[in-house]
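First to last, the protein sequences are chains A and B. Read in order, the letters of the first sequence correspond to residues 1 to 263 in my numbering. Read in order, the letters of the second sequence correspond to residues 264 to 645 in my numbering.
I should point out that these hints are in silico values taken from the structure, not numbers from a laboratory. All residues carry an ideal CB built from backbone N, CA and C; glycine is no exception. Keep in mind that the hints are not guaranteed to be accurate.
[Said to hold, decoys possible] List time: in silico EDC-like cross-link candidates among lysine to aspartate or glutamate, alpha-carbon distance up to 20 Å:
id, chain 1, residue 1, chain 2, residue 2
1, A, 60, B, 273
2, A, 60, B, 408
3, A, 60, A, 78
4, B, 397, A, 78
5, B, 376, A, 21
6, A, 53, B, 522
7, A, 60, B, 511
[Unchecked claim] Label pairs and their computed distance ranges (CB to CB):
id, chain 1, residue 1, chain 2, residue 2, range
8, B, 422, A, 142, 21 to 29 Å
9, A, 112, B, 438, 26 to 34 Å
10, A, 242, B, 374, 23 to 31 Å
11, B, 477, A, 123, 53 to 61 Å
12, A, 193, B, 426, 33 to 41 Å
13, B, 422, A, 118, 44 to 52 Å
14, A, 245, B, 372, 24 to 32 Å
15, B, 337, A, 31, 49 to 57 Å
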Amino acid sequence: MVIPEQNPIIIVEGLTARFGDDTVLEEVNLEVFPGEILVIIGESGSGKTVLMKHMIGLFKPCEGRVLVKGIDLARASDEERHRLRLEIGVLFQSGALFGSMTLAENIELPISEYTQLSPEMIDQVVRMKLGMVNLSGYEHHMPAELSGGMKKRAALARAMALDPSILFFDEPSSGLDPVTAAGLDFLIKEINRTLGTTMVIVTHELASIMNIAQRVIMLDKNARGIIAEGDPHELKERSRDPRVIAFFNRQPPKTREGEMHHV
Amino acid sequence: MAEPGERKNDLVRARGEKGGTVKLFLSGRIALDSISLYMEEIRKRLTDLTPKELIIDLANIEYLDSSGALLLLELEGRAKAEAIAFSFDNMPDEVHHIMGLINPEALTTPSVKTQKKREYLLEEIGEASFALYKDTIRILIFIGEILDALFHAIWNPRLVRWDDVLFYVKRSGVDGLPILSLLSLLMGLIIAFMSSLQLKQFGANIYVASLVGIAIIRELGPMMTAIIVAGRSGSAFAAEIGTMKVNEEVDALVTMGFDPTQFLAVPKVLAAIIVVPVLTLYADFFGIAGGLLVGITGLDLTIHTYIQQTVKSVTLFDFLTSLIKSVVFAALISGISCQRGLQVRGGAEAVGTATTSAVVSSIFLIIVADSAFAIMFYYVQW
Chain A
1 MVIPEQNPII IVEGLTARFG DDTVLEEVNL EVFPGEILVI IGESGSGKTV
51 LMKHMIGLFK PCEGRVLVKG IDLARASDEE RHRLRLEIGV LFQSGALFGS
101 MTLAENIELP ISEYTQLSPE MIDQVVRMKL GMVNLSGYEH HMPAELSGGM
151 KKRAALARAM ALDPSILFFD EPSSGLDPVT AAGLDFLIKE INRTLGTTMV
201 IVTHELASIM NIAQRVIMLD KNARGIIAEG DPHELKERSR DPRVIAFFNR
251 QPPKTREGEM HHV
Chain B
264 MAEPGERKND LVRARGEKGG TVKLFLSGRI ALDSISLYME EIRKRLTDLT
314 PKELIIDLAN IEYLDSSGAL LLLELEGRAK AEAIAFSFDN MPDEVHHIMG
364 LINPEALTTP SVKTQKKREY LLEEIGEASF ALYKDTIRIL IFIGEILDAL
414 FHAIWNPRLV RWDDVLFYVK RSGVDGLPIL SLLSLLMGLI IAFMSSLQLK
464 QFGANIYVAS LVGIAIIREL GPMMTAIIVA GRSGSAFAAE IGTMKVNEEV
514 DALVTMGFDP TQFLAVPKVL AAIIVVPVLT LYADFFGIAG GLLVGITGLD
564 LTIHTYIQQT VKSVTLFDFL TSLIKSVVFA ALISGISCQR GLQVRGGAEA
614 VGTATTSAVV SSIFLIIVAD SAFAIMFYYV QW
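Please put together the full structure from these sequences, using the hints given.
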C-alpha cells in the first residue's frame with residue numbers, strides 16, 4: 001500500500017449523517033491523499049453514497065465537517081465553493097447526463113461556464129474528452145440513444161471536462177456487463193496513472209475493488225461507520241473481522257445459516 | 264391400495280381411531296392453488312377424529328411448493344398449540360429441503376416499521392396542517408431564492424440561459440396558440456350567446472358587445488390563458504425538473520457549480536413572464552372575435568357598430584389590469600411549478616404527484632390572486 005507522504009486532499013472529521021431519526025453515519029473520520037484511488041465499500045445501505053455525497057457537498061453534515069483542499073464545503077463562501085467545484089468531478093450512478101442536450105452540449109456546459117475559450121477551442125476539447133473515453137464521433141448523440149456503458153463513459157467525459165484534481169464515482173460498474181465494467185476500470189486506472197487524479201470510488205463490485213483500489217475503507221450499517229481500512233488484498237487475506245471476511249469472500253450473512261436446518 | 268379403516272379420498276386419507284393416534288396420508292400436488300382444498304380436508308378430518316397423536320405421511324406427495332410447506336408448518340404449529348403429539352412420516356428429501364427454506368421466526372417477527380394507522384380525525388387534521396405549514400415555509404424559501412436569482416439575472420443578463428428562455432417561450436407560447444385561440448373564441452361565443460338571450464328581451468342587443476369586451480378583457484382572457492398555461496406548461500415544468508431530480512441531474516448541476524434555481528427555474532419563469540401577457544392579448548382578441556360572430560350573425564349588428572361599442576366600453580385601464588394580472592399569473596404558475604419539480608424526492612410516483620400538485624396549486628393561486636386583484640382594482644379605479 002502506497003500512501004504518499006503528503007497532506008490529505010480531503011479530510012472528513014467526526015462526520016455524523018442523520019435523516020430524521022435515522023442515523024446513517026456516526027463520528028466518521030477519514031483522510032484521502034492526493035493521487036490515490038480510495039474505494040469505499042460496504043453492503044447496501046451502509047452509507048457509502050451518503051458519505052460520498054457529503055464529500056462533494058450535496059449533503060450538509062449534521063455534525064463534524066468535511067474539508068476538501070482545506071475548504072469546508074458547508075461553510076465556504078460562494079467564491080470558495082465555486083473555485084472548489086472546478087476541482088471536483090462526479091460520475092453519478094445513473095450517469096446523470098442532461099437528457100435534453102447532446103453529448104457535446106453536456107460536456108461543453110461546464111467548459112463554457114468556467115473558461116473563456118473560443119467555440120472552436122471548446123469543440124476541440126469536447127472531441128478530445130470524448131476520445132479519452134472511446135466515444136469519438138458521438139458528439140451529436142442524445143444520451144437516450146446510448147447504451148448503459150456508453151452513457152457511463154460519456155458521463156465520465158463530462159466529469160473530467162475541467163480536468164478536476166478529484167474524481168468521485170458512485171457505483172461506476174453497476175448495471176454494466178463484465179467486459180464493459182472492466183473497460184471502465186481500466187479507464188479509471190489510466191486516468192489516475194496519467195493525470196494523477198485522486199479517485200474516490202463507491203462500489204461493491206468485488207472484481208472491480210480488487211483491480212483498482214489502492215486503499216479501501218469498509219462501512220457497516222450497524223457500526224454506522226468505518227470498520228476496516230487498508231489494501232484490499234491484505235484485508236482479504238488477513239482480516240479477522242467476520243464482516244470483512246464475508247464481504248471479500250462473497251459469503252451469505254452468518255445469521256441465516258442457523259435457520260436453514262430447523263426441521 | 265385401500266386399507267381397512269381408511270376413509271376414501273383422493274388428497275387426504277386418514278387412518279386411526281377417534282381420540283387416539285391418527286395418521287393422515289397426503290398425496291397429490293400441494294401448491295398455492297390447491298392448499299385451501301387441503302386445508303379444508305385436513306380440518307374436516309381433525310374435527311371428526313379429534314386425535315391425541317397426529318402423524319402426517321408425505322410419501323405420496325407429487326409436488327410441494329413453499330406455500331405447501333407453509334401449510335405443513337402451520338399444521339405442526341396448531342397441533343402443538345392444542346397439545347397434540349405431532350410428527351411427519353416418510354418425508355421425501357425434496358420436501359425436507361423446501362421446509363428448510365421457511366424461517367418460522369419470519370412468520371411472527373414484528374414489522375420493523377409500524378404500519379401507519381389512519382384512524383383519528385384530529386390526528387389527520389394535525390398532520391395535514393403541519394404538512395401545509397411546512398409546504399408554505401418551503402414555498403416562501405423558494406420565493407426568496409427565485410427572487411434572488413431573478414435579481415442576479417437582471418444585473419447580469421449574461422448569467423441567464425437565453426437559449427433556454429427562447430425555447431420555453433416557443434414551448435409555452437407559440438405551441439399553445441391553436442388551443443388557446445379555439446378556447447377563447449368559444450368562450451366569447453358562449454358569453455355573447457348567453458347574454459344575448461337575456462338582453463334581446465330588452466332590445467339592448469348592442470350591450471352584448473360591451474359585456475363581452477369587459478368580461479373577456481378584465482377577467483376571462485387573463486384567467487383562461489393562465490389556466491391553459493398552468494395545464495400545458497406548469498405540468499411540463501414540474502415533470503421535467505422532477506425527472507431531472509430523480510435522475511440525479513440536479514445533483515450533477517450542483518456539483519458542476521450551477522445553482523439549480525438559476526439554471527432551471529429562472530429561464531422558465533422569464534419565458535412565462537414574457538409570453539403569458541402576449542398570450543393574454545391574443546386570447547382577448549379571439550374572445551372578442553367570438554362575441555363579434557354572434558353579434559353579426561344573431562343580433563343584426565354590423566361589424567362597425569360592434570367594434571365601436573367594444574372600444575367605447577373598454578378602457579385602457581382594463582387592458583393594463585389584464586396585462587398586470589397576466590404577468591403575476593405567469594410568475595405564480597412558473598414559480599410554483601418549478602418549486603414542485605425541485606421538491607421531488609424518490610421515484611416516478613413523486614414526479615406524478617409533483618405534476619398534479621403543480622397544476623392544482625397553480626390554478627388555486629391564480630384564482631386567489633384574481634380575487635385579490637378584483638378588490639384592488641375596484642379601489643384603484645375610482
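Exercise. Mind listing which of the numbered hints don't hold for this structure, in increasing order?
Key: 1, 4 and 13
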